[in-house]
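Enquirer: Start from the sequences, fold in the hints, and give me the full structure.
Protein sequence lines correspond, in order, to chains S and V.
Residue numbering for the first sequence is 1 to 211, as defined by our numbering.
Residue numbering for the second sequence is 1 to 530, as defined by our numbering.
Source of the hints: derived by calculation from the structure; they are not laboratory data.
Please read all numbers here as calculations on a predicted model, not as lab measurements.
Worth double-checking, as some hints may not be accurate.
[As the list claims (entries may be wrong)] Covered stretches of chain S (in silico footprint by chain V; criterion: 3 or more residues with CB under 8 Å from a CB of chain V, positions within the stretch not fixed):
(1) 138-144
(2) 162-175
[What the hints assert, rightly or not] Straight line, CA to CA, 30 Å or less: simulated DSS-like cross-link-like pairs of lysine-lysine:
(3) Lys51(V) to Lys16(V)
(4) Lys381(V) to Lys176(S)
(5) Lys16(V) to Lys68(V)
(6) Lys91(V) to Lys381(V)
(7) Lys360(V) to Lys150(S)
(8) Lys176(S) to Lys529(V)
(9) Lys381(V) to Lys127(V)
(10) Lys16(V) to Lys185(V)
(11) Lys172(V) to Lys203(S)
(12) Lys529(V) to Lys232(V)
(13) Lys408(V) to Lys176(S)
(14) Lys232(V) to Lys68(V)
(15) Lys51(V) to Lys172(V)
(16) Lys71(V) to Lys259(V)
(17) Lys360(V) to Lys446(V)
(18) Lys259(V) to Lys203(S)
(19) Lys119(S) to Lys408(V)
(20) Lys91(V) to Lys16(V)
(21) Lys172(V) to Lys446(V)
(22) Lys150(S) to Lys176(S)
(23) Lys16(V) to Lys172(V)
(24) Lys259(V) to Lys176(S)
(25) Lys119(S) to Lys176(S)
(26) Lys446(V) to Lys176(S)
(27) Lys71(V) to Lys185(V)
(28) Lys172(V) to Lys381(V)
(29) Lys203(S) to Lys185(V)
(30) Lys446(V) to Lys16(V)
(31) Lys446(V) to Lys381(V)
(32) Lys127(V) to Lys408(V)
(33) Lys360(V) to Lys381(V)
(34) Lys529(V) to Lys51(V)
(35) Lys68(V) to Lys176(S)
Yeah, the Cβ is synthetic: ideal placement off N, Cα and C, and Gly gets one too.
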Amino acid sequence: MTNPIPQPEGLDSVHLNRRSFLRTGLGGALFLGTVSVTAGLSGCATTPTGRLGAVETRMDARYQFQFLTADDIDLFEALLPAILGSAIPEQPQHRRMAIAGTVERIDAGIHKFGPANQKELRQLFDLLNFGFTRITIARVWSPWPNVTTKQANAFLDRWRSSSIGLFNNGYMALTKISNVAFYGYPENWHLSGYPGPPEWAVKALPQFRNA
Amino acid sequence: MSLTDRIAQGLESGWKVTDGATLTENQTAEADVVIVGTGAGGGTTAEILAKSGLSVILVEEGRLYYQKDFKMDELTSYANLYQEGMSRVTKDGAISILQGRCVGGSTTVNWTSSFRTPDATLNYWAKQFGLDALSPEAMAPWFEGRETRHSVSPWRVDPNLNNDVLRQGCEKLGFSWQVIPRNVKGCWNLGYCGVGCPTNAKQGALTTTIPGALDHNARMYHGLRADRLVMKQGRIDALQATAMASDGITPTNITVTLKARHFVVAASAIGSPGLLLRSDLPDPYERVGKRSFIHPVNASVAQMPERVDPFYGAPQSIYSDEFNFRNGVDGEAGYKLEVPPLHPAMSAGVVPGHGDQQAKNLAGLPWMQSVIALMRDGFHKDSPGGTVSLRDDGSPMLDYPVTDYLWKGLRRAFYTMAEIQFAAGADRVRLMHLDSDWYSSWADAKAAIDGFSMEPHRVRLFTAHQMGGCAMGSNPEESVVNGFGEHHHVSNLSVHDASIFPTSIGANPQLSVYALAARNSVRLAQRLKA
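Expert: Okay, structure coming up:
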């Protein structure tokens, strides 16, 4: 694989070259593999975040990240306002907490996916985090911390409606993991009109009584 | 109403249960029979063999979860009870695989629907694969026996509205429908079967055959991953296994070697071929991992005028076989119609979308109803199934290409589901397809479905039933095991799960696995005690 990214000669030709390249599954897989290595070498923050200070990340400092890197967190902080839309609060502090909590649950969920699917997600996130492919493949010009909700939405819509299966797959992976982590969280159940398990059953069952 | 927890009682009374995560030294153990997997097949086998006086060791990669862990919460249950934390998909990512990984296997997280293998399927197996001994008449006593063991009977409580919509629509359109038999005893009609039954009403392997086996001196390791079957002088000598940490996914450096006279593999239609492939067992006609079937599922969601509350009530109680065998057993693709429960996390993951539109969709959950169609794959030459192969790290992966034959069936199913929902009074209907809108009339929905591109990813596809990959048959050139699940080429190996199905079956598979495993275990016990 000597030159995985064709040099842009014009928007159309980049579009075409990229499209035909990614259509071949093999090209896609090798390409993503190359990106991961390159991203690591160019010094992206590629190790799991561990514990970040609450000041740096505006998050609960007690949570220990097991998979998401600092770059991944930037990615989700940019995408979640678009993915969750009007479901997250407008008030800035509550909004930050909603996003931070969802990011933590996304991390916990990915940890339980196990190594095989973690590897797939690592490739996807690296592609989106590595500047060059973020621009040429995802067509997101700004680094994620500078991406507006409108731009994030446009990116998601592009991947959703694309005829390239790999992009559809990426769209579903990003939205599924976010939607599940958000709407599945008891504090957000009211957003889907779900009252939770029936109160009478919770009262009657032994596993809900405190030891 | 049953609040007696057999697992808690059994553990207290001294059951031989070992958590792999607690092991600190490599070790070896030995028994008459080692059984890999504690699901529908493994549990049935273990109980029958243990009761016959044989010493049995059960090996389960997942962990032991039971009533104390079942708090009707999606996020914890999906992470702990399902393969790959509910992220398992086919190779191209186009089909979501719902499969259990815990003691009891998929029977711990299924929706309790229990059907005998359809007569047409058994007759097809006899004709195509030389399985004459599996006729409906021959199998009847085995189905009866397992129906008793697992308390299977048609659900007598009124269907929840989610299910009744299917019934109403079928009635209006003249489609046949029936009540679903469920393997429950003293069910509280709560609807949380899919996240672990909180009341012990569900009679899956966890509450029946696993306790039965452990009561009869069987030994069970959970958190122990079966790596390889090692052969010596033409027979399997031992199973090598790796202990898993308590997170359920990180291997430790502890290995356990299990020796036995006979080995039974019941690790699911993905796990069993995986184990056989890793073990490099004789497979002269390269049959292992081939002809893997999944009952591909597509779905439709409706917004009803009244509150449905699709998250409450027995999740599945009505089905329709109107379209299952309509074109004969091997004609155009047939499908079974059922209803899935809709809880918030699952719904948020299944309805494809994001942003304000998604928030609006999900806010409507209490008025949402859904119908699913399960394609009966494997009965036509253009439905050859998928392939299980190994990833670099040895874990199994399913590649399932959806053929034109199946796409045609899936499109027909979209029409059927939408028509039924409108007939039942839906305000609007939306198909689970990336290009689907909400449609306010059957005519609009029909026109839209006409134009859908039926392609991977665009059509949202699921599977809750994994079958095949270690097919049974009389001809070793076309199968891995014989009609008794006995491996054609390895004398002390049997396969006792759904991986032995030579095609899919056209019904939820747990009862079929129970019945075949029971029949095959009785024979195995006789052989081993002779």
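Enquirer: Does each hint hold? Answer for all of them.
Expert: Hints and how they fare:
1. Coverage of the segment 138-144 of chain S by chain V is violated [criterion: at least 3 residues with CB-CB distance below 8 Å; count 0].
2. Coverage of the segment 162-175 of chain S by chain V holds in this model, with 6 residues showing a Cβ closer than 8 Å to a Cβ of that chain against a need of three.
3. Taking the CA atoms of Lys51(V) and Lys16(V), the gap is about 15 Å. The hint holds against a cut of 30 Å.
4. Of the pairs offered as hints, the one joining Lys381(V) and Lys176(S) is violated, with about 34 Å between alpha carbons and a cut-off of 30 Å exceeded.
5. Simply put, Lys16(V) and Lys68(V) have alpha-carbon atoms about 19 Å apart, close enough for the 30 Å limit, and the pair holds.
6. Only pairs whose Cα atoms come within 30 Å are accepted, and Lys91(V) paired with Lys381(V) is accepted, the gap being roughly 22 Å.
7. Proposed proximity of Lys360(V) and Lys150(S) is supported: the alpha carbons are some 18 Å apart, at most 30 Å.
8. Restraint check: the Cα-Cα separation between Lys176(S) and Lys529(V) comes to about 52 Å, which exceeds 30 Å; the hinted pair is violated.
9. A distance of roughly 15 Å separates the Cα atoms of Lys381(V) and Lys127(V); the hinted pair therefore holds under the 30 Å criterion.
10. Distance hint between Lys16(V) and Lys185(V) is fulfilled; the C-alpha atoms sit about 26 Å from each other, no more than 30 Å.
11. For the proposed pair Lys172(V) and Lys203(S), the alpha carbon gap of about 41 Å is over 30 Å, so the pair is violated.
12. Using a Cα cut-off of 30 Å, the hinted pair Lys529(V) and Lys232(V) holds, with the two alpha carbons roughly 22 Å apart.
13. Annotation: proposed proximity of Lys408(V) to Lys176(S) holds, straight-line Cα distance about 27 Å (limit 30 Å).
14. About 43 Å separates the Cα atoms of Lys232(V) and Lys68(V), which puts this hinted pair outside 30 Å; it is violated.
15. At roughly 50 Å between alpha-carbon atoms, Lys51(V) and Lys172(V) are farther apart than 30 Å, so this suggested pair is violated.
16. Restraint check for Lys71(V) and Lys259(V): the C-alpha separation of about 38 Å exceeds 30 Å, so the hint is violated.
17. The suggested pairing of Lys360(V) with Lys446(V) holds, with an alpha-carbon distance near 24 Å, which does not exceed 30 Å.
18. Using a Cα cut-off of 30 Å, the hinted pair Lys259(V) and Lys203(S) is violated, with the two alpha carbons roughly 47 Å apart.
19. For the hint linking Lys119(S) to Lys408(V), the alpha-carbon distance of about 34 Å lies beyond 30 Å, and the restraint is violated.
20. At roughly 38 Å between alpha-carbon atoms, Lys91(V) and Lys16(V) are farther apart than 30 Å, so this suggested pair is violated.
21. For the given pair, Lys172(V) sits about 18 Å from Lys446(V) by alpha-carbon distance, which is consistent with the 30 Å threshold.
22. In summary, the hint linking Lys150(S) to Lys176(S) is supported, as the alpha carbons are separated by about 20 Å, within the 30 Å threshold.
23. Only pairs whose Cα atoms come within 30 Å are accepted, and Lys16(V) paired with Lys172(V) is rejected, the gap being roughly 55 Å.
24. Between Lys259(V) and Lys176(S) the CA atoms are separated by roughly 43 Å; this puts the pair beyond 30 Å, and the hint is violated.
25. The suggested pairing of Lys119(S) with Lys176(S) holds, with an alpha-carbon distance near 17 Å, which does not exceed 30 Å.
26. Among the hinted pairs, Lys446(V) with Lys176(S) is consistent with the structure: their alpha-carbon atoms are about 27 Å apart, no more than 30 Å.
27. At most 30 Å may separate the alpha-carbon atoms for a hinted pair to count; Lys71(V) and Lys185(V) meet this at roughly 19 Å.
28. Only pairs whose Cα atoms come within 30 Å are accepted, and Lys172(V) paired with Lys381(V) is rejected, the gap being roughly 35 Å.
29. Between the alpha carbons of Lys203(S) and Lys185(V) the distance comes to roughly 21 Å, so the proposed pair stays at or under 30 Å and holds.
30. For the suggested pair Lys446(V) and Lys16(V), the alpha carbons sit about 58 Å apart, so the restraint of at most 30 Å is broken.
31. Of the pairs offered as hints, the one joining Lys446(V) and Lys381(V) holds, with about 29 Å between alpha carbons and a cut-off of 30 Å not exceeded.
32. Annotation: proposed proximity of Lys127(V) to Lys408(V) holds, straight-line Cα distance about 26 Å (limit 30 Å).
33. Restraint check for Lys360(V) and Lys381(V): not satisfied, since their Cα atoms lie roughly 43 Å apart, outside the 30 Å limit.
34. Proximity of Lys529(V) to Lys51(V) is assessed by CA-CA distance (about 12 Å); at most 30 Å being required, the pair is judged to hold.
35. A threshold of 30 Å between alpha carbons decides the hint, and for Lys68(V) with Lys176(S) the separation of about 29 Å falls inside it, so the pair holds.
Hints 1, 4, 8, 11, 14, 15, 16, 18, 19, 20, 23, 24, 28, 30 and 33 from the earlier list are contradicted by this structure; the remaining hints agree with it.
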